[in-house]
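Chemist: Whole structure, please, built from the sequences with the hints as guidance.
There are 2 protein chains.
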Amino acid sequence: MGYTISQVAEKTSLSVYTIRYYDKEGLLPFVDREKGKRVFHDQDIEWIDLICCLKNTGMPIKDIRTFIQYCTDNDAVVDKGLEILIQHKHNVEQQIRDTQRSLETIEYKINHLPQMYKEKFSTHH
Amino acid sequence: MGYTISQVAEKTSLSVYTIRYYDKEGLLPFVDREKGKRVFHDQDIEWIDLICCLKNTGMPIKDIRTFIQYCTDNDAVVDKGLEILIQHKHNVEQQIRDTQRSLETIEYKINHLPQMYKEKFSTHH
DNA sequence: ATTTGACATAGAGTTCACTCTAGGCTTTAT
DNA sequence: ATAAAGCCTAGAGTGAACTCTATGTCAAAT
Numbered sequence: 001m002g003y004t005i006s007q008v009a010e011k012t013s014l015s016v017y018t019i020r021y022y023d024k025e026g027l028l029p030f031v032d033r034e035k036g037k038r039v040f041h042d043q044d045i046e047w048i049d050l051i052c053c054l055k056n057t058g059m060p061i062k063d064i065r066t067f068i069q070y071c072t073d074n075d076a077v078v079d080k081g082l083e084i085l086i087q088h089k090h091n092v093e094q095q096i097r098d099t100q101r102s103l104e105t106i107e108y109k110i111n112h113l114p115q116m117y118k119e120k121f122s123t124h125h
Numbered sequence: 001m002g003y004t005i006s007q008v009a010e011k012t013s014l015s016v017y018t019i020r021y022y023d024k025e026g027l028l029p030f031v032d033r034e035k036g037k038r039v040f041h042d043q044d045i046e047w048i049d050l051i052c053c054l055k056n057t058g059m060p061i062k063d064i065r066t067f068i069q070y071c072t073d074n075d076a077v078v079d080k081g082l083e084i085l086i087q088h089k090h091n092v093e094q095q096i097r098d099t100q101r102s103l104e105t106i107e108y109k110i111n112h113l114p115q116m117y118k119e120k121f122s123t124h125h
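Protein sequence lines, in the order shown, are assigned to chains A and B.
Each step along the first sequence adds one to the number in full-length UniProt numbering, with nothing skipped, and position 43 is 43.
Each step along the second sequence adds one to the number in full-length UniProt numbering, with nothing skipped, and position 94 is 94.
Take the hints with a grain of salt, since some may be wrong.
For chains that are exact copies, the list does not tell them apart, and a pair is met inside one copy or across any two.
Here are the computed lysine to any residue pairs in the SDA-like style, where the Cα-Cα straight-line distance is at most 25 Å [what the hints assert, rightly or not]:
1) 89 <-> 33
2) 37 <-> 79
3) 80 <-> 38
4) 24 <-> 69
5) 120 <-> 44
No wet-lab data here; the hints were simulated from the structure.
Modeler: Structural data, given as structure tokens:
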């Protein structure tokens, strides 16, 4: 019943340091304490998974904090949290499109590298 | 014939500071000088575009430097540059898949946020 | 002739997201 | 009873990628 910080570190592949850092930064206001020690439950892991997703898709820590604050404040504000999540979803979709465009450019450059090389660096010109 | 640093800044939407920084970091060894001032040509812009693509897809500066060094050394090593580019292409493809998975998680969480909220924060439990 | 503007360098400062150290407490094993 | 392991906090340190400041040069405009 309840995980220690190092068990959560294993489960989430975050370091213990990072989890404490996230807590310090206000990302984990929902974590319980027992005699000063953090005790994590399954729902907490779900929240941390979401936090990791947001981080991995480029949301800065302070925006994640804002999101979590909206979610923990009260029912009225959870909608604002939802709004942030939906907006971020659109950002990530755009991000995928941008990365795909970069990928196309990289593929193009792979095919044209010898030529780019010649034009610029060949002793021949 | 040839662009100034601020013209290149406009074209690439990098700042003048960033371009100088990249040069300092050895990313732009191909840029000519005239009386101490950098003079950029169209091929240089193509190289800078590639550099931006690599940066935007998460390649660290020092790896970009290595790549550029391979490309500028001599014909024998340009193949090594090509190899790096192809490897990076695979990384980016993986990165897109990862981001798509994160996106799916975010979509799932959007649908389950009210429930996650209730389970953890509702006064009712 | 002087002022303005764009360029240059060296190096300091900033921000972000960790990552680690020092020092302390508490439970468990020997 | 002492040592080891695992938790805690506060705060210092790190590395990446800029971003800016100070200072200086030089060419063109007034």
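Chemist: Hints broken by the structure, by number, lowest first?
Modeler: Of the numbered hints given earlier, those the structure breaks are 1, 2 and 3, listed in rising order.
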